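Engineer: Let's have the full structure, built from the sequences with the hints guiding it.
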Amino acid sequence: MQPFPRNPTHNEVAGTRPALAASCDLPDRRRTVTTLSDFSATTLTGQEQPLSEYEGDVVLVVNTASRCGFTPQLAGLERLQETYGARGLRVLGFPCNQFGSQEPGTEDEIGEFCQKNYGVTFPMFAKVDVNGRDAHPVWKWLRSQRGGLIGDKIRWNFTKFLVGRDGRVLGRYAPNTDPASIADDIEKALEA
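For the sequence shown, position 135 (counting from the first letter as 1) is numbered 129 according to my numbering, and the numbering increases by one without interruption.
A few of these clues could be false.
With a cut-off of at most 20 Å between alpha-carbon atoms, the simulated SDA-like pairs for lysine to any residue come out as follows [unchecked claim]:
(1) LYS110 <-> ARG61
(2) LYS154 <-> ASN91
(3) LYS110 <-> THR65
(4) LYS110 <-> PHE93
(5) LYS154 <-> GLY50
(6) LYS154 <-> ASP102
The following label-pair restraints were derived from C-beta to C-beta distances [what the hints assert, rightly or not]:
(7) PRO98 <-> LYS182: 31 to 39 Å
(8) SER95 <-> ASP172: 20 to 28 Å
(9) GLY141 <-> ALA186: 19 to 27 Å
(10) GLU47 <-> ARG140: 30 to 38 Å
(11) PRO98 <-> ALA186: 17 to 25 Å
(12) GLN41 <-> GLY79: 18 to 26 Å
Derived from the structure by calculation, the hints contain no laboratory data. Source: prediction; values computed, not measured. No residue lacks a Cβ here, since even glycine has one placed at the ideal position from N, Cα and C.
Structural biologist: Laid out in structure tokens, this is it:
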């Protein structure tokens, strides 16, 4: 009896040797990303920082921009950090230039602007894409965990994700959500 014909594998179609192809991408297939701690990001000063440093904290992740109508929210985000930081809240800012080119500066310029104009002391990371093929992995993961009203794409600057102490996404907030209005959700997450 003849076995059923099988479909060729991707490697066979592509003409690569299966062993070589597997050695290149096997770790990614085995590893399942489940929490914020599974990622790292580059700081404004160019250092790679594992986000596992925030394991056990409540984290508010925000895509920021220096020339946006929502930029004054940086002051509100800093107030949240000051108010709840001692209890375990960490605000993390990720500058993004994908929306109206509203974050054109260099990492040095971004850091100086945020500190000088809004007193930002919370960690800011290097500029990232939050949508598309080149989106930073943490943003791909955040979007996959909590979609918005019209799909999972980030629609504008200052979209916020609240992550619980267990590293899982608790909530997603629209760009026009005032940081102070998230305080009740932050309180609940800190008490959990």
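Engineer: None of the hints should be skipped; say for each whether it holds.
Structural biologist: Do the hints match the structure? See the list:
1. LYS110 <-> ARG61: 14 Å, holds
2. LYS154 <-> ASN91: Cα-Cα ~16 Å, so holds.
3. LYS110 <-> THR65: Distance of about 13 Å is within 20 Å: holds.
4. LYS110 <-> PHE93: 23 Å, violated
5. LYS154 <-> GLY50: Between LYS154 and GLY50 the Cα gap is close to 19 Å, so the pair holds against 20 Å.
6. LYS154 <-> ASP102: 23 Å, violated
7. PRO98 <-> LYS182: 31 to 39 Å: 37 Å, holds
8. SER95 <-> ASP172: 20 to 28 Å: 25 Å, holds
9. GLY141 <-> ALA186: 19 to 27 Å: 22 Å, holds
10. GLU47 <-> ARG140: 30 to 38 Å: 22 Å, violated
11. PRO98 <-> ALA186: 17 to 25 Å: 39 Å, violated
12. GLN41 <-> GLY79: 18 to 26 Å: 21 Å, holds
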